[in-house]
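Student: Sequence:
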Amino acid sequence: MSEMLSETALDQLFRTARTFNAWLPKDVSDEQLHQLYDLAKFGPTSANCSPMRVVFVRSKEAKEKLSPFMSDGNRAKTLVAPVTAIIAIDYEFYEQLPKLFPHADARSWFAGNQPLIDATAFRNASLQGAYVIAAARSLGLDCGPMSGFDQDGVNEAFFAGTKIKSNFMINIGYGDASRDLFPRSPRLSFDEACKIV
Numbered sequence: 001m002s003e004m005l006s007e008t009a010l011d012q013l014f015r016t017a018r019t020f021n022a023w024l025p026k027d028v029s030d031e032q033l034h035q036l037y038d039l040a041k042f043g044p045t046s047a048n049c050s051p052m053r054v055v056f057v058r059s060k061e062a063k064e065k066l067s068p069f070m071s072d073g074n075r076a077k078t079l080v081a082p083v084t085a086i087i088a089i090d091y092e093f094y095e096q097l098p099k100l101f102p103h104a105d106a107r108s109w110f111a112g113n114q115p116l117i118d119a120t121a122f123r124n125a126s127l128q129g130a131y132v133i134a135a136a137r138s139l140g141l142d143c144g145p146m147s148g149f150d151q152d153g154v155n156e157a158f159f160a161g162t163k164i165k166s167n168f169m170i171n172i173g174y175g176d177a178s179r180d181l182f183p184r185s186p187r188l189s190f191d192e193a194c195k196i197v
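Read in order, the letters of the sequence shown are residues 1 to 197 in the UniProt record's numbering.
Any given hint could be a false lead.
What the hints assert, rightly or not - Pair ranges (Cβ atoms, derived):
1. Phe14 <-> Lys99: 30 to 36 Å
2. Glu192 <-> His34: 35 to 41 Å
3. Gln151 <-> Arg187: 35 to 41 Å
4. Phe14 <-> Ile196: 18 to 24 Å
5. Asp180 <-> Glu92: 21 to 27 Å
6. Gln12 <-> Ser59: 26 to 32 Å
7. Leu13 <-> Cys194: 17 to 23 Å
8. Thr162 <-> Ile196: 29 to 35 Å
9. Glu156 <-> Val80: 23 to 29 Å
Calculated from the structure, these hints are not laboratory results.
All C-beta atoms in this analysis are idealised placements derived from N, C-alpha and C, irrespective of residue type, glycine included.
Please take these sequences and the hints and turn them into a complete structure.
Tutor: This is the structure in structure tokens:
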């Protein structure tokens, strides 16, 4: 049976974790990005469909390619972040199901059923993007998730000719708490957001 994480770990993952807008000039290595994905990939998805795809934008050239598609409020912080993860959705995820869900003909559940493909892909890739945030934080990295960007432009620049579409972005690195860290916004209480029935 699993044990509850320490208070320190719960703080790092949730309670004191923040959305960072400023970044320390400290690199994130290939090894760290591999570790991050190798944790996030184990988060559950329906029928193990795993529709998330990630482009880790790190090089100066790749940042310049991404920059024109970021909203004015997100451009500067994206350019200085060590890595920007484009969390994307593969709308042909079901082609991997013979490998990922081999004990049933799961591919046939989706092939030709676009509404089911769209709903399943979006829901599960978004869920996987949250796993990326949790995985990054568990490795001592900070995150700055964003949705302000030109989705069509990013799709054309990074995913042209594929069935992969961008969903949201996450700046990843070591956050600079001394700059541009806004006070934590309120959250809904349990009674405001939840029911036990």
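Student: Hint by hint, note whether the structure agrees.
Tutor: Checked hints:
no.: 1; hint: Phe14 <-> Lys99: 30 to 36 Å; result: holds (33 Å)
no.: 2; hint: Glu192 <-> His34: 35 to 41 Å; result: holds (40 Å)
no.: 3; hint: Gln151 <-> Arg187: 35 to 41 Å; result: violated (28 Å)
no.: 4; hint: Phe14 <-> Ile196: 18 to 24 Å; result: holds (21 Å)
no.: 5; hint: Asp180 <-> Glu92: 21 to 27 Å; result: violated (39 Å)
no.: 6; hint: Gln12 <-> Ser59: 26 to 32 Å; result: holds (29 Å)
no.: 7; hint: Leu13 <-> Cys194: 17 to 23 Å; result: holds (20 Å)
no.: 8; hint: Thr162 <-> Ile196: 29 to 35 Å; result: violated (43 Å)
no.: 9; hint: Glu156 <-> Val80: 23 to 29 Å; result: holds (24 Å)
Consistency note: the structure conflicts with the earlier hints numbered 3, 5, 8.
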